[in-house]
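Protein sequences appear in the order of chains A and B. According to the working numbering, the stretch in the first sequence is residues 1 to 384, in order. According to the working numbering, the stretch in the second sequence is residues 1001 to 1526, in order.
Hints listed in this document are in silico derivations from the structure and should not be mistaken for laboratory results. Even for Gly, the Cβ is constructed at its ideal location relative to N, Cα and C. Any given hint could turn out to be false.
Stated by the list, open to error - Derived pair list, reagent style BS3-like, types lysine-lysine, alpha-carbon separation capped at 25 Å:
hint	chain 1	residue 1	chain 2	residue 2
1	A	LYS81	A	LYS276
2	A	LYS95	B	LYS1417
3	A	LYS81	B	LYS1417
4	B	LYS1417	B	LYS1492
5	B	LYS1486	B	LYS1417
6	A	LYS142	A	LYS293
7	B	LYS1492	A	LYS81
8	B	LYS1486	B	LYS1187
9	A	LYS293	A	LYS191
10	A	LYS81	B	LYS1010
11	A	LYS142	A	LYS268
12	A	LYS81	A	LYS191
Said to hold, decoys possible - Cβ-to-Cβ under 8 Å is the rule here; a few derived chain A residues that face chain B:
hint	residue
13	ARG193
14	ASN199
15	ASP200
16	VAL201
17	ARG214
18	ILE217
19	ALA280
20	PHE283
21	PHE379
Stated by the list, open to error - The following residues of chain A were derived to be distant from chain B, with all beta-carbon distances above 10 Å:
hint	residue
22	ILE122
23	LEU241
24	LYS244
25	GLU274
26	MET289
Listed below, chain by chain, are the residues.
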Amino acid sequence: MCFEAKRLAKLALGPVLMLLSMVSAGVMAAGEKVNEVNMAPGVTAVGQNIFDLHMTIFWICVIIGLLVFGVMFYSIIYHRKSRGVTPATFHESTKVEIAWTVVPFLILIGMAVPATSTLLEIYDVEDAEMDILITGYQWKWKYEYLSDDGENVSFFSNLRTPQSEIYNSEDKGQHYLLEVDEPLVIPVDTKVRFLVTANDVIHAWWVPELAVKRDAIPGFINETWTLAEEEGIYRGQCAELCGKDHGFMPVVVNVVSQGEYDEWLSGKKAEAAEIKELMAQTFTMDELMERGKAVYDRNCLACHGANGEGGVGTAIAASAIATGDLAGHLDVGINGVAGTAMQAFGGQINDVEMAAVITYQRNAFGNNMGDMVQPIDVFNHKKG
Amino acid sequence: MGDHHHGPAKGLSRWLFTTNHKDIGTMYLWFSFAMFIMGGAFAMVIRAELFQPGMQLVDPAFFNQMTTLHGLVMVFGAIMPSFVGLANWMIPMMIGAPDMALPRMNNWSFWILPPAFLLLASSLFMEGGAPAFGWTFYAPLSTTYAPPSVTYFIFSVHVLGLSSIMGSINIIATVMNMRAPGMTYMKMPLFVWTWLITAFLLVAVMPVLAGAVTMMLMDIHFGTSFFSAAGGGDPVLFQHIFWFFGHPEVYIIILPAFGVVSQIIPAFSRKPLFGYDSMVYATASIAFLSFIVWAHHMYTVGMPIAGELFFMYATMLIAVPTGVKVFNWITTMWRGAMTFETPMLFCIGFLVLFTIGGFTGLMLSIAPADFQYHDSYFVVAHFHYVMVAGAVFSMTAAVYYWLPKWCGRMYNETMGKTHFWISFIGFNVTFFPQHFVGLAGMPRRIPDYALQFADFNMMSSIGAFIYGASQILFLYNVIATIVAGKPVSDEKVWDGAEGLEWTVATPAPYHTFETPPTLDAKPAHA
Ligand code: HEM
Ligand SMILES: [Cu+2]
Ligand SMILES: [Cu+2]
Chain A
1 MCFEAKRLAK LALGPVLMLL SMVSAGVMAA GEKVNEVNMA PGVTAVGQNI FDLHMTIFWI
61 CVIIGLLVFG VMFYSIIYHR KSRGVTPATF HESTKVEIAW TVVPFLILIG MAVPATSTLL
121 EIYDVEDAEM DILITGYQWK WKYEYLSDDG ENVSFFSNLR TPQSEIYNSE DKGQHYLLEV
181 DEPLVIPVDT KVRFLVTAND VIHAWWVPEL AVKRDAIPGF INETWTLAEE EGIYRGQCAE
241 LCGKDHGFMP VVVNVVSQGE YDEWLSGKKA EAAEIKELMA QTFTMDELME RGKAVYDRNC
301 LACHGANGEG GVGTAIAASA IATGDLAGHL DVGINGVAGT AMQAFGGQIN DVEMAAVITY
361 QRNAFGNNMG DMVQPIDVFN HKKG
Chain B
1001 MGDHHHGPAK GLSRWLFTTN HKDIGTMYLW FSFAMFIMGG AFAMVIRAEL FQPGMQLVDP
1061 AFFNQMTTLH GLVMVFGAIM PSFVGLANWM IPMMIGAPDM ALPRMNNWSF WILPPAFLLL
1121 ASSLFMEGGA PAFGWTFYAP LSTTYAPPSV TYFIFSVHVL GLSSIMGSIN IIATVMNMRA
1181 PGMTYMKMPL FVWTWLITAF LLVAVMPVLA GAVTMMLMDI HFGTSFFSAA GGGDPVLFQH
1241 IFWFFGHPEV YIIILPAFGV VSQIIPAFSR KPLFGYDSMV YATASIAFLS FIVWAHHMYT
1301 VGMPIAGELF FMYATMLIAV PTGVKVFNWI TTMWRGAMTF ETPMLFCIGF LVLFTIGGFT
1361 GLMLSIAPAD FQYHDSYFVV AHFHYVMVAG AVFSMTAAVY YWLPKWCGRM YNETMGKTHF
1421 WISFIGFNVT FFPQHFVGLA GMPRRIPDYA LQFADFNMMS SIGAFIYGAS QILFLYNVIA
1481 TIVAGKPVSD EKVWDGAEGL EWTVATPAPY HTFETPPTLD AKPAHA
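My request is simple: use the sequences and hints to build the entire structure.
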């Protein structure tokens, strides 16, 4: 009720309110609350510098604008025919014209100086204490913590908002569309270097409060960095149109203390060890189907549909491949179909997950093959 | 005057085979208006979906087709052809020429346009849907990952490029060869000047666009890898080529608009244009600079720092000649004797809003800050301030200004002013809030958004419906004028208007200036 009233007021008051709120937001420079009208200064030194640049140029524009529009409206009010004025006939003045060429030029030089130094700062990726490889996929992010011992921790980060919220059958949660199953975790007060690339099309990794935006381009590795000075959860989104679900691949970064980070990292390593163990296991049909559904919903549903009916991808229900030769099906899952949106999932999900999802596709949506794939089969298929 | 002059042919063949610059201009104008309505309808779909968070009306794939087609149709179908139409009508009349220099080519350059757009629009009904990769069609989304209709898209871009090139050659040939005796370059009306420069820009960059789409075609069908990293190519190369075309393209759109405003403001200020010479030089320098700033659209692709700095400085420089233009217009108004008929209102609207768009352009040119602005709604707000409030407002002003000359009837002034105010308010309610959501972190080209963006998006959608509806009023006013407007017969419809087009009869006869006019000593623009 109250919310609605506030909202109506905002809609009604329009531009005046907007300008005021922008100005006040600029002055208050945003606390905990999400800033709805202005850039976030964020939690990094670079972010603060960018914010200061933004506000400086904004005020310069406001002042020039007030002068220019002031003169214009004065003229509109006083130099109108209805006041019986006779028009002047002057049509040039070298002095004035030189002045209004030179003065803006000087203002621009004034702006270029701080802009250049901030840019140099953004480009200075030296002395990073840790490296994370970020890879954009249609439509999720993969994070890989690069370590010297070769024991890299890596995982995918998918949108967690359920379809039911997106399609309005359930109320939307607080972090609607800005929540993921597994966030990127980094330690506070640590210079982290990001290596940004992509697997398919171009994406862009953007977290406003870390002041990082970098294009993720297939075949290229871009470098950028951040040094978060405050713990917290920072949310962003893919910023480059990357196909159907471009609006549904958020970025969430969890900045934690060094202690928490270390704990989290060893947890991830233990998890990896566990999966290694699972690889050697043999699963029952029920276990595979249960795991398979989870993997399917997270990785395949976006293109193949909740009921295997297809979409960007072909239908799985009654598909020739999913109801055909098992090796052929595995092959599509592992190696993808070159030149189409069907990626090679062999490097994206582990062998347990692959075994489960292939089993699931063969035995769900009305498909009824009755056969199973075990992790070892996936492993062997990959070996060729 | 002489009876031996034939009028237009009768029936459909008049329009199909015409070589008359006025007929062709008329067709261009109506065609571009039809495209404006079509592109507008796509925009309404976009804004309706974005009215609230959550997916309501369309699915994400179709949403992307809408944003793509909206951009393509508005840029290539509505804005560009409308100014070519205006050029066809006005340039011969402004320089005292009987027609365009290459009338048959003129016919062709118009008539290949409708099929090209028909083809583009028909892709909506093709398997896999219409192009969904944005009007900037970055590879590899537009190559390896594109729907099959991309091939038709490429063909249609080729055709409209061809049309633009033919149109520009015609304008260059006309302006260089067919000026009335005594009409030296520095006496030409500014609209002619800005179009001459625009035409050179077009001839220079449309082939680059054609090259880009041809390379896409090769990648898609003939196994090359220009833009595919897997085959040793480079997706960033696509962006360099595209923006080498794309940035001059935005000036192709705005320079003729500058020309229009430079004609209309002096007329209603009853005072000569201030700084004619500097206007010409500013236009030329903007055109030159537009070739060396393209990578300001690519600050985040990971260019080396030296490139980044070069493009930042060059882009900031563009603000100088742009500022000169704005100052000149305002000084033209200064100590004039102004009246505020509809064309003048649209020009003042242009002046205020284009300047705001210029300011945000300046903000965007600051590379480090652009790391936050880029690909957010802030950019969407920027380019709508310059393209809608810039180009479209000035085009609307032009129609109101010259319509009485074209058809010998006066439009309804009250309705015109109403159209202005609804447009002005609708436009700002639509696009001003987009600055805020952009700064607050909303990416562009998304079909659904987080809850903190909800209020301003709803406001934006309401504004868009208002702006959209106001165009119906415009259409009605124009048709009502043509059919039943109050007849005018004064050669000079507006008491402050200057220039050769105001020396011919009203309505302008089918053939004008068959014998070149003689210019008095006074420069035409004064
Ligand atoms: C003062 C002059 C101007 C400056 C300094 C300027 C600067 C910029 C910059 C830096 C961008 C890239 C923003 C980004 O993607 O992060 C941009 C985008 C854009 N500008 Fe401007 N601009 C100016 C005037 C204009 C004019 C006159 C037009 C057209 C009439 C225009 C149309 C556009 C368009 C269409 C885009 C977005 C293209 C896209 O990504 O889809 N700009 N401008
Ligand atoms: Cu994306
Ligand atoms: Cu540009």
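Okay, which hints does this one fail, numbers in order?
1, 2, 8, 9, 10, 12, 13, 14, 19, 20, 21, 22, 23 and 24
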